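Residue numbers (this note's numbering), protein chains in the order written: chain A, -3 to 119; chain B, 2 to 156.
Because the hints were derived from the structure by calculation, they are not lab data. If you're wondering where the values come from, they're calculated on a predicted model, not measured in any experiment. A virtual CB, placed ideally from N, CA and C, is assigned to each residue, including glycine. Where hints are given, some of them may not hold.
Stated by the list, open to error - Straight-line alpha carbon distances no greater than 27 Å define the calculated DSSO-like cross-link-like pairs of lysine-lysine that follow:
{"hint": "1", "chain 1": "A", "residue 1": "K90", "chain 2": "A", "residue 2": "K64"}
{"hint": "2", "chain 1": "A", "residue 1": "K90", "chain 2": "B", "residue 2": "K36"}
{"hint": "3", "chain 1": "A", "residue 1": "K24", "chain 2": "B", "residue 2": "K130"}
As the list claims (entries may be wrong) - Distance ranges between label pairs, derived from CB positions:
{"hint": "4", "chain 1": "A", "residue 1": "K71", "chain 2": "B", "residue 2": "R89", "range": "53 to 63 Å"}
{"hint": "5", "chain 1": "A", "residue 1": "M30", "chain 2": "B", "residue 2": "Q83", "range": "35 to 45 Å"}
{"hint": "6", "chain 1": "B", "residue 1": "K36", "chain 2": "A", "residue 2": "Q40", "range": "20 to 30 Å"}
Here is how the chains run, residue by residue.
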Amino acid sequence: MTLALNLDAAFSALADPTRRAILARLAKGEASVMELAKPFEMTQPAISQHLKVLEDAGLVTRRVDGTKRPRRLAKAGIEAMDQWLAMLGKALEKNYDRLDEVLAGMEQPMIKTISKTKRGENR
Amino acid sequence: MSKLTLKTEGDTQVIVTRRFAAPPEAVYRAHTDPKLIQKWLLGPEGWTMPVCINEARPGGKIRYEWTNGEGGGFHLTGEYLQLEPYNRILHVERMHLPDPTPDNQVETRFDADGTGTLMTMRMTLPDAKTRAAMLATGMERGMEASYARLEGMIE
């Protein structure tokens, strides 16, 4: 039950491209809110709002450093990023499983044509 | 265990690798022959590609239209930049959802690997934000099946 709830929170947190980009930035290391706000052309309150969603989902944690509150990726955040990539891989894998079948089917007609010709010549 | 790997590199690239049991010629053909593409490049179960234009020559056009048969659909357009049969393809593509996404430049290599092929697809997006958005689109398409799997695991 708890696992299901956490997954739901994590997935809805990941449903926003800005929040995924924040996670991608934090994957490189700890960052302040100001540093996080910079590349997104967003105000600090808007970024703080996204960070709150990520923190509530357990994906991001904060540290107290004087007046600063630098954010870092939580263990769950790392796992969520991995899972996000793994899910994409699953979707692609479906296509490539089909391609395996197509490739298996491509070689057969050629072999058949050759063997038919050979048989025809022999007979 | 899975034959596929998917990873991000730097701020703007996504790299996918996959091994195939067939030689590079066959895998290359399956990526450039519309009749073959229509059999596998379909995404989730239930989707089909009624329109598949693939002019495999430099400057040639690419247009794929997908539908789920229930009124849902989208399309992709692109252009070929370079082709080295049966080894390498360089093309650009964009999804229309319905607004076009920024161009994704895709280099696909087919290297002989024993009797099979190692395919390496390197996608380069204009910036980190676009890459995140592209990964998100892919995630949403694959998500339904993944949710079902997760629910099974949790029970």
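Each hint tested on the structure:
1. Restraint check for A:K90 and A:K64: the C-alpha separation of about 46 Å exceeds 27 Å, so the hint is violated.
2. Simply put, A:K90 and B:K36 have alpha-carbon atoms about 18 Å apart, close enough for the 27 Å limit, and the pair holds.
3. Between A:K24 and B:K130 the alpha-carbon distance is near 16 Å, which keeps this suggested pair within the 27 Å criterion.
4. As the Cβ distance of A:K71 to B:R89 is approximately 40 Å, the hint placing it in 53 to 63 Å is violated.
5. Under the hint 35 to 45 Å, the C-beta atoms of A:M30 and B:Q83, about 43 Å apart, fit the expected range.
6. For the hinted restraint 20 to 30 Å between B:K36 and A:Q40, the CB-CB distance of approximately 54 Å leaves it violated.
When the structure is compared with the earlier hints, violations turn up for hints 1, 4 and 6 and for no others.
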